[in-house]
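Student: Protein chains in written order, with my numbering: chain A, 19 to 155; chain B, 82 to 320.
These are calculated hints, taken from the structure and not from any lab test.
Built from N, CA and C at the ideal position, the CB exists for glycine as well.
Be aware that a few hints might be false.
[Said to hold, decoys possible] In silico DSS-like links for lysine-lysine, alpha-carbon gap of 30 angstroms or less:
no.	chain 1	residue 1	chain 2	residue 2
1	A	LYS51	B	LYS85
2	B	LYS208	B	LYS218
3	B	LYS250	A	LYS134
4	B	LYS88	A	LYS51
5	A	LYS53	B	LYS86
6	A	LYS53	B	LYS88
7	B	LYS215	A	LYS134
8	B	LYS298	B	LYS250
9	B	LYS85	A	LYS53
10	B	LYS215	B	LYS126
11	A	LYS49	B	LYS88
12	B	LYS208	B	LYS173
13	B	LYS198	B	LYS126
14	B	LYS269	B	LYS292
15	B	LYS293	B	LYS208
16	B	LYS293	B	LYS269
17	A	LYS93	B	LYS88
18	B	LYS198	B	LYS221
19	A	LYS93	B	LYS86
20	B	LYS218	A	LYS134
21	A	LYS49	B	LYS86
22	A	LYS134	B	LYS292
23	B	LYS198	A	LYS134
24	B	LYS85	A	LYS49
25	B	LYS126	A	LYS134
26	A	LYS134	B	LYS315
27	B	LYS86	A	LYS51
28	B	LYS315	B	LYS221
29	B	LYS293	A	LYS134
30	B	LYS123	A	LYS134
31	B	LYS85	A	LYS93
32	A	LYS134	B	LYS131
[Said to hold, decoys possible] Sample of chain A residues facing chain B (criterion: CB under 10 angstroms; computed from the structure):
no.	residue
33	ILE27
34	PRO31
35	LEU33
36	GLU50
37	ILE52
38	LYS53
39	ILE71
40	PRO73
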Amino acid sequence: MIFNLILLIFLQPLLTSVFIFLGPVLNYFFKEKIKQLILSLILFSFITDLIFIKPLGFFLLITSFSLLLICLLEKFLGHQHFYQRIIYLLLFNTIFLFLFFFLGFGKISIFAFFLKFLIFNIIFQVIYITVNTLFRA
Amino acid sequence: MFRKKIKNILVIFLLSSVFFWLSSRALAQEELIFNFSLNFQKLIKNFWQKIFPSTEEDLYKEKYYELLQELAKLKLTLKQFKETEIISQREKYLPRLIEADILKIDSLGYIYSENPKAGEGSIVLDKNWILVGKVAKIGKNYLIISSLNVPGIEFNVANIEGELLGLGKTISNGFLEINYVRPEIGVKLNDFVLTYGDDNFPSGFLVGTVKKINKTKFGQQIIVRLLFDLDPGKVYLIK
Numbered sequence: 019m020i021f022n023l024i025l026l027i028f029l030q031p032l033l034t035s036v037f038i039f040l041g042p043v044l045n046y047f048f049k050e051k052i053k054q055l056i057l058s059l060i061l062f063s064f065i066t067d068l069i070f071i072k073p074l075g076f077f078l079l080i081t082s083f084s085l086l087l088i089c090l091l092e093k094f095l096g097h098q099h100f101y102q103r104i105i106y107l108l109l110f111n112t113i114f115l116f117l118f119f120f121l122g123f124g125k126i127s128i129f130a131f132f133l134k135f136l137i138f139n140i141i142f143q144v145i146y147i148t149v150n151t152l153f154r155a
Numbered sequence: 082m083f084r085k086k087i088k089n090i091l092v093i094f095l096l097s098s099v100f101f102w103l104s105s106r107a108l109a110q111e112e113l114i115f116n117f118s119l120n121f122q123k124l125i126k127n128f129w130q131k132i133f134p135s136t137e138e139d140l141y142k143e144k145y146y147e148l149l150q151e152l153a154k155l156k157l158t159l160k161q162f163k164e165t166e167i168i169s170q171r172e173k174y175l176p177r178l179i180e181a182d183i184l185k186i187d188s189l190g191y192i193y194s195e196n197p198k199a200g201e202g203s204i205v206l207d208k209n210w211i212l213v214g215k216v217a218k219i220g221k222n223y224l225i226i227s228s229l230n231v232p233g234i235e236f237n238v239a240n241i242e243g244e245l246l247g248l249g250k251t252i253s254n255g256f257l258e259i260n261y262v263r264p265e266i267g268v269k270l271n272d273f274v275l276t277y278g279d280d281n282f283p284s285g286f287l288v289g290t291v292k293k294i295n296k297t298k299f300g301q302q303i304i305v306r307l308l309f310d311l312d313p314g315k316v317y318l319i320k
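Looking at chain A on its own, in the form it has when it is part of the complex (with noise of 0.2 angstroms):
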C-alpha cells in the first residue's frame, strides 16, 4: 500500500496518460482482495482526483461504476488465465474511458487519443499485475 501510494504521488504528475491507481485496484480485483481493494479504491481515487485537478469523487463514481460492470462479467466468465484477464481488462478501460471523457470533458475526443489512452493503460496493467504476481510468488 505504501509503495503504491508513493508510486502515486511521484510518478503520476508526469505520467498523465496513464492511471497509476488502477493498477493496484484491478490486481485487487483479480486477487479477490475485497477489503483491499475498497480501502485502495478510496484512498487512490481521491488522490488521482486531486493529482488531475477533478471533483473530488469523480475517479471514485467512473473506477467504481466500471469495476461493477465487470464483476458482473464474472457470471460468465472466469479471471484465472491470461487471456481471460485481458479481456476484463479491455472492457474495463473501455468503460473507464469512456466515462473518464465523457463526464470530464463533455465530449469522447477524437479516437487516437482514446486509443492512446486505453493501449497504455492496458501495458502498464498488464505490467503491473504481472510483476505483483511474479514478486508474490
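Position chain B relative to chain A; hints supplied.
Tutor: Then chain B, alone, in the frame of chain A:
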C-alpha cells in the same frame, strides 16, 4: 465471493455518486486543495528534473539543432514578415502582456498556471509571441488554459499574405488540420499560418507552419505543425 464483491462495489458506487454530486454542487470550489496539489506537482516535477538533468540536456540539444534548422528557414522568409500584422500585433498588445508560471500540463493539452489576474477568454502566447491558446476557466489561485493541443478547437486561419485558408481544427499532439482549402490558393511546405478574423482568436497571431499538403477532390487538406513552445515553464497572457 461474487455476491460479496458485487455488493461492496455497489455500495461504493452509490456512496461515490452521492459524494460526487455533493462535491460538484455544494462544494464546487475545492480550489484551495487543488491549488495545493498543483504547487505540489510542480515541486515533484522540479525534483525529477534535478535528479535526471542529462535527459533534459539531450532534449535541449535536439531542440537546439531543430531551432538552428528553423532559423535558417526563418532567415529566408524574414523579409516577408516586415509590414505584416504580427509586428502591429506586438505593438498593440505588448503593454497588456502579463507573465504566468505554468503549474501543470496534462496530456489532453490543458495547461494549469498561476493566476496573474487575467480574465476568462484571455489570449495566451509563448515567449516567441506564438499563439498557445485561450484561458478557459478562472480560479482564485490558478487558471486553466485550453491550449491548441486540445482536440476540436476551431478557428479561421490565413497564410502570410493574409488570405483566408479556411477553418482550422486542432487534432491534438501538436497539429492542426485545415480542410477544403481552395485549390487556387498556393500553399507550400513550411509556410507560416496565422489566425484570421476575430472569431475565436484575434487575427494575426502566428500558429504554426505547413507540414503536409494533401490534394483532395474537394480542394486541399493542410496539416499544420503548431509552433508554440512551453519549455521555459512560462506563458504570457494578454489582459
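Student: Next step is simple, just say for each hint if it's right about the structure.
Tutor: Hints versus structure:
1. A:LYS51 / B:LYS85: Holds, at roughly 11 angstroms.
2. B:LYS208 / B:LYS218: holds, 22 angstroms
3. B:LYS250 / A:LYS134: holds, 20 angstroms
4. B:LYS88 / A:LYS51: holds, 14 angstroms
5. A:LYS53 / B:LYS86: holds, 9 angstroms
6. A:LYS53 / B:LYS88: holds, 12 angstroms
7. B:LYS215 / A:LYS134: holds, 25 angstroms
8. B:LYS298 / B:LYS250: holds, 20 angstroms
9. B:LYS85 / A:LYS53: holds, 11 angstroms
10. B:LYS215 / B:LYS126: holds, 24 angstroms
11. A:LYS49 / B:LYS88: holds, 17 angstroms
12. B:LYS208 / B:LYS173: holds, 16 angstroms
13. B:LYS198 / B:LYS126: holds, 25 angstroms
14. B:LYS269 / B:LYS292: holds, 9 angstroms
15. B:LYS293 / B:LYS208: holds, 26 angstroms
16. B:LYS293 / B:LYS269: Satisfied, since the Cα-Cα distance of roughly 9 angstroms is no more than 30 angstroms.
17. A:LYS93 / B:LYS88: holds, 14 angstroms
18. B:LYS198 / B:LYS221: Cα-Cα ~9 angstroms, so holds.
19. A:LYS93 / B:LYS86: Distance of about 12 angstroms is within 30 angstroms: holds.
20. B:LYS218 / A:LYS134: Holds, because 26 angstroms separates the two Cα atoms, which is no more than 30 angstroms.
21. A:LYS49 / B:LYS86: Given pair LYS49 of chain A, LYS86 of chain B holds - Cα atoms ~11 angstroms apart, limit 30 angstroms.
22. A:LYS134 / B:LYS292: holds, 22 angstroms
23. B:LYS198 / A:LYS134: Status violated; Cα separation ~35 angstroms.
24. B:LYS85 / A:LYS49: holds, 14 angstroms
25. B:LYS126 / A:LYS134: holds, 23 angstroms
26. A:LYS134 / B:LYS315: The hint holds at about 27 angstroms.
27. B:LYS86 / A:LYS51: holds, 9 angstroms
28. B:LYS315 / B:LYS221: Within the cut-off at roughly 19 angstroms; holds.
29. B:LYS293 / A:LYS134: Given that 30 angstroms is the threshold and the Cα spacing comes to 23 angstroms, the pair holds.
30. B:LYS123 / A:LYS134: OK: LYS123 of chain B and LYS134 of chain A at ~25 angstroms, within 30 angstroms.
31. B:LYS85 / A:LYS93: holds, 13 angstroms
32. A:LYS134 / B:LYS131: Satisfied, since the Cα-Cα distance of roughly 29 angstroms is no more than 30 angstroms.
33. ILE27: holds, 7 angstroms
34. PRO31: This hint holds: PRO31 of chain A lies near chain B, its Cβ roughly 4 angstroms from the closest one there, short of 10 angstroms.
35. LEU33: holds, 9 angstroms
36. GLU50: holds, 6 angstroms
37. ILE52: holds, 6 angstroms
38. LYS53: Holds, about 9 angstroms.
39. ILE71: holds, 5 angstroms
40. PRO73: holds, 5 angstroms
Checked against the numbered hints above, the structure breaks only hint 23 and satisfies the rest.
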